[in-house]
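Peer 1: The listed protein sequences correspond, in order, to chains U, B, C and H.
Just remember that this note's numbering sits 66 ahead of the position in the first sequence, which is counted from 1.
Just remember that this note's numbering sits 66 ahead of the position in the second sequence, which is counted from 1.
Just remember that this note's numbering sits 66 ahead of the position in the third sequence, which is counted from 1.
Just remember that this note's numbering sits 66 ahead of the position in the fourth sequence, which is counted from 1.
No lab work stands behind these hints: they were computed from the structure.
Where hints are given, some of them may not hold.
If several chains are the same, the list does not tell them apart, and a pair holds so long as it fits within one copy or across any two.
[Said to hold, decoys possible] Using 20 Å as the maximum straight-line C-alpha spacing, the simulated SDA-like pairs for lysine to any residue come out as follows:
| id | residue 1 | residue 2 |
| --- | --- | --- |
| 1 | Lys277 | Asp211 |
| 2 | Lys97 | Gln122 |
| 3 | Lys97 | Met238 |
| 4 | Lys369 | Thr187 |
| 5 | Lys144 | Glu171 |
| 6 | Lys277 | Ala437 |
| 7 | Lys277 | Gly251 |
| 8 | Lys419 | Gly78 |
| 9 | Lys419 | Leu106 |
| 10 | Lys419 | Val147 |
| 11 | Lys369 | Phe204 |
| 12 | Lys277 | Pro213 |
| 13 | Lys277 | Lys419 |
| 14 | Lys181 | Pro345 |
| 15 | Lys103 | Ala130 |
| 16 | Lys277 | Ala216 |
| 17 | Lys419 | Asp274 |
There are 4 protein chains.
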Amino acid sequence: MPVLGAALAELGQQRVFDGLTIGFRLHLEPKTAVLVKGLLAGGARVVAMGNEGTTQFGTAEALAEWGCEVLDRPDDGKGAVLAHLSRIAEAGPNLVLDNGAELIEACVSAGRSPKGATEETTSGAFRLRAGLAGVVGFPVIVINDSPLKAIVENKHGVGESVVDAIVRATNMSLHKKRVVVFGYGWCGRGIALYARRRGADVTAVEPDPVKALEAAMDGFDVAGPDGAVRTADVGITATGRGRVVGYELIETLPDGALLANAGHTEAEIDVIRLEREAPGELVAPSLYAHELPGGRTVFLLAKGRIVNLAAAGGTGNPIEAMDLGLTLQARSLAALAASGGDFRPGPQPVPQKINDQTATAMLESMGQTPA
Amino acid sequence: MPVLGAALAELGQQRVFDGLTIGFRLHLEPKTAVLVKGLLAGGARVVAMGNEGTTQFGTAEALAEWGCEVLDRPDDGKGAVLAHLSRIAEAGPNLVLDNGAELIEACVSAGRSPKGATEETTSGAFRLRAGLAGVVGFPVIVINDSPLKAIVENKHGVGESVVDAIVRATNMSLHKKRVVVFGYGWCGRGIALYARRRGADVTAVEPDPVKALEAAMDGFDVAGPDGAVRTADVGITATGRGRVVGYELIETLPDGALLANAGHTEAEIDVIRLEREAPGELVAPSLYAHELPGGRTVFLLAKGRIVNLAAAGGTGNPIEAMDLGLTLQARSLAALAASGGDFRPGPQPVPQKINDQTATAMLESMGQTPA
Amino acid sequence: MPVLGAALAELGQQRVFDGLTIGFRLHLEPKTAVLVKGLLAGGARVVAMGNEGTTQFGTAEALAEWGCEVLDRPDDGKGAVLAHLSRIAEAGPNLVLDNGAELIEACVSAGRSPKGATEETTSGAFRLRAGLAGVVGFPVIVINDSPLKAIVENKHGVGESVVDAIVRATNMSLHKKRVVVFGYGWCGRGIALYARRRGADVTAVEPDPVKALEAAMDGFDVAGPDGAVRTADVGITATGRGRVVGYELIETLPDGALLANAGHTEAEIDVIRLEREAPGELVAPSLYAHELPGGRTVFLLAKGRIVNLAAAGGTGNPIEAMDLGLTLQARSLAALAASGGDFRPGPQPVPQKINDQTATAMLESMGQTPA
Amino acid sequence: MPVLGAALAELGQQRVFDGLTIGFRLHLEPKTAVLVKGLLAGGARVVAMGNEGTTQFGTAEALAEWGCEVLDRPDDGKGAVLAHLSRIAEAGPNLVLDNGAELIEACVSAGRSPKGATEETTSGAFRLRAGLAGVVGFPVIVINDSPLKAIVENKHGVGESVVDAIVRATNMSLHKKRVVVFGYGWCGRGIALYARRRGADVTAVEPDPVKALEAAMDGFDVAGPDGAVRTADVGITATGRGRVVGYELIETLPDGALLANAGHTEAEIDVIRLEREAPGELVAPSLYAHELPGGRTVFLLAKGRIVNLAAAGGTGNPIEAMDLGLTLQARSLAALAASGGDFRPGPQPVPQKINDQTATAMLESMGQTPA
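Isolated chain U, as found in the complex:
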């Protein structure tokens, strides 16, 4: 991760984190550990916990050795998680790095007001703008809103890895298969693009007519869900909304069709009702066959969980996308640490200067020489 490495080296020399306490909540695995190590090297005290069930034991041990206080353990229950959140909040962090807005909420509940926070996810940002609107008195930079992430991670990282995961799990060729992509946002665009690059004929289902026209100008077919589903060899959801593919739609799929979900929530496909009407049988790693009452069989990958992470052998986004995201985190935390009131309270986008710096560094790591 050359971009993150260079950013951490630069920030470390500037000692922007010197003496600060950082509350850190993110999957604790080797890549995020690089960020923690850099914060520690920059002079910070880091109190950390992972997301439920994502803390890797070796990583936690290594972090502890480097001086990070790691609170959680792989087998923590819901109660323990809440206790860890409180404990970090009680530590009175100067900066918070959050993932889902729960640590930010814990700080607010504990009457703590860090100088600023970063929030990794769009769903966390949604909570900050809905249930937590107006109650967060400190700035929260929403990393996922950066246009860099839309391009590098959502379009190319997710798009490519979702299609890879489907091919890997099925050993299927997509040539002249009909792939129906639900949602033509950044992820859907990428999925459609990479499915076509593997020879698929792609239909986009997108209720926004302007985006749908863009799909058509990009060369894809456009159809409503009912028409599209009837032709699908493969259906992939990437809408960020729930029950996009309800059971009634599933019933109209051709025999042998495959469903997968690329959204963060597994509710895009009505897996619950599908399981009830036609319980799945594991026929290959991560691949379930559901024999519908009418006789047709449909396949579901990874039980409808986010397929590029949850399917067997899924490796998530490429390392370059992690490099980018963690750099945005490091630079945003540094900007909050160094700020003198130039951030307003509440959720807000990554400052343009940080987007520009990070984009330039990423271009250079790709061998490109911008102006």
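We have chain U; now place chains B, C and H onto it with these hints.
Peer 2: Here is chains B, C and H on its own, set in the frame of chain U:
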């Protein structure tokens, strides 16, 4: 133009233009004449003039026959143009369709306040937001700001026709030629895409690092202007800014390189100084050879004027892009006519409902069936 | 034409043509004139004539000035052409460059036996292998059989310029239009590729199942002629065979569909019967509307003649394809001149060494550095 | 495998295998077992063995249950293999399905002359045309020479799965990485294509100038091995020849470069000398880091063995390619069974009729409707 035809038929039935006077200023040629005819059929009185020198005689005659008052003649001078603008303003139009904001300005000067206006161009919108800011007391819908135009006209229409015009004028194959595109906005994106589709290796020169990163993720090389120009077989400007390729850059082009401009202003390439230092010699229709003092020769297409229109055989955007743009005009005028104060004064984007309706109609004309 | 220039310079220095008489029959226009000039500079006497009606007056004058004997004039009738052929044959040429095998036939008739000949076209080669089989006692190198021409000229040159010619003549966008390509040989492959690159959905009609499977693996749809024609917005023939699109098929085209032919013979579309049943009306340069008895209108470009040459503004193949073809001619003539019986009599392919040399030179002209 | 299924059903009805003994040597795994089952159902007696170490226990058991005589066991040594080959030969098979020509050789040695044989591999065909030339008195159809396999398996199957395997093993994005492909045959073409589709800049190294020109016209860079290797982020061999990337070339790779081999023989990269000079250290599944004496590190995937099969998680070609190959086997065996002397002795291509039938069936399985 099926999308425009359907829109005009629908609006005509609704009689939204019944009894209204419409001041109309747009190139008067067969395609825009279809719009005028529809407005007349919808019950409007239309007082029209073209842009300088663009009124086609046959079109003007036909319009007059249909009942349109056409003021200008192909050989009008600057003074006559101003007189026509005043005369339309004095007619007290209820609605204004403008192209460059001069007719809107004339209405303001004459103390007339139409119910609303549309402005075709981005440069007209710029004037409305700069010199005319605050003085226009009625709503002006800026057609060119519609995301539909960015996609259909700028990216695909301009991108494809600019590359076509260059190939046509030179009978050159672009295979493994190095094409340098200045500007990675909507037009630049399209030019880069269609140059690659003809086999070129493309470098994007783009000062905004986020857009530059998008260019790299789209697969193009990214370089600063100095480095890029040294490698260029073909250089194309599409920035909307002036003197992007100054004479100092031109001097560093390889022998035999070709320059063309895709922006609306011919000042993107410093043609004036180039002509002074190395006067061009016409070597093929629209194609000028400039022998530089150092001995190298560079070629310039269409004297730096917008190449897809100005180069020999240039046909501008495809008819589908015109169909879209004129439909946005017709529907925006109708919305203004029917409005009861739901538009604020001053320049503003095309209402989302109109974008959605038009996108849906365009999708249907492409054989696609959105939801 | 850098590749031809370098080849002629090299051959000129070797004086391979010194003192030889070359009978030359090819379109006499500025590009072929470069080849004649090089042969003259290499020491040859050249007696030349063009194809019927293709000799350009200025070119003939320039050639005469350089010392070439040009026999024909732009307005020669069939009788004059035969006289010229005889006269060249009677001159007892040492080498013959032919285009259609008529000059070769004239030599045979006159009892002349040059050391060798080249034949530009596949149809000439066909005559040599059919009607003239066994009667030609000297070697004839068939230029068009070179794999280089298949790739550079047929696939990319023809493919790109045919699609260009259609777009140019119609000012139509191909986005999401259905383009049906008849024939998936080298030309058809290129047409399908470049139509897709302009946004078209492409169907290939190809009776050979192995080629049809290749089309499908290349991502195109495959259908029989009856099914394909019913869906066509644009139909393009590129089969080299006659009556591929008969009148019965034309009758099933959708209203508004366009037909064009990319094959050398205009008989691929049954234009004769179409004209009889539904005479064409010129609606734009090269574009004819045929109103079928049933009420539908179909459009025909360039009366079914080879569209990239015959349509208005058609410029034929790019200059790079000419550079390649004329270099193969020059090197093949030189090899025949220098040969000591290493060529067998009758039609035969371009020697591999010449293909290799020319491919290497062309790669270098494209800035590539093969091993 | 719908194409194989339909072929076996058709052949079974025709009873072409009735009463025949078939000697069968091919990897015994679930997909090849489908072919064996079909032969049994068609009335044949099948005596089978796998390749060394490739027989899967469950498959062997299932085959035995269906009535197939399976000779080998997963842990057989070289001696046992030879014994099995002899035993099959001694059974006097009417037809032989071979993979490497060893069973064919055993038949010749035993003085047995089946009615005909099929040979799966190109290397087996090479042995038949070299060491065994003239001694095989019965026809041998070489499956791998079919143009269908070149397209479906080599270009698309191998090309796609090789690039997949590299991305999977490294979790690397190929965007703007420089991928150097050695060999622009069918496999190399596919690798270059799929690497580009993942965003890579691709250089082809190909000594044949005509193929190299095709690579350039396909849009790839072309360079000699020395120049190419210096720029490589990833180098992939696909030449079918030995020591294409010798140690001297490896020494000039940039720091951090990755090597992988897509050819059948692992000798394309000089792994032996690389291991001696810079022994590899396993840094991730299948991924070895070699620290060169000069200080640079290069990575080697799967020890230079065929990467789409040998790398961790490698799944080989997609199932559609197997479906094709096994169908060619089934139909070729049937044609030999039914033949009355219409095949000449020795190695020969798949009959065109079988290619055509299989291509048609495959097109139909892809939803295409050829003429």
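Peer 1: Against each hint, give a clear statement of whether it holds in the structure.
Peer 2: Here is what the structure says about each hint:
1. Lys277 x Asp211: both (19 Å within a copy, 16 Å between copies)
2. Lys97 x Gln122: within (11 Å within a copy, 38 Å between copies)
3. Lys97 x Met238: between (31 Å within a copy, 14 Å between copies)
4. Lys369 x Thr187: neither (22 Å within a copy, 40 Å between copies)
5. Lys144 x Glu171: Classified as within; 16 Å inside a copy, 66 Å across copies.
6. Lys277 x Ala437: This pair counts as between: shortest inter-copy Cα distance 12 Å, intra-copy 32 Å.
7. Lys277 x Gly251: This pair counts as both: shortest intra-copy Cα distance 8 Å, inter-copy 18 Å.
8. Lys419 x Gly78: Cα proximity of Lys419 and Gly78: one copy only (19 Å, versus 51 Å across).
9. Lys419 x Leu106: Intra 24 Å, inter 52 Å, cutoff 20 Å: neither.
10. Lys419 x Val147: Answer is neither: 35 Å inside a copy and 46 Å across each miss the 20 Å cutoff.
11. Lys369 x Phe204: neither (39 Å within a copy, 54 Å between copies)
12. Lys277 x Pro213: Cα proximity of Lys277 and Pro213: in one copy and across copies (17 Å, 9 Å).
13. Lys277 x Lys419: between (29 Å within a copy, 14 Å between copies)
14. Lys181 x Pro345: neither (50 Å within a copy, 51 Å between copies)
15. Lys103 x Ala130: within (10 Å within a copy, 59 Å between copies)
16. Lys277 x Ala216: For Lys277 and Ala216, the Cα distance is within 20 Å both inside one copy (15 Å) and across copies (12 Å).
17. Lys419 x Asp274: between (32 Å within a copy, 11 Å between copies)
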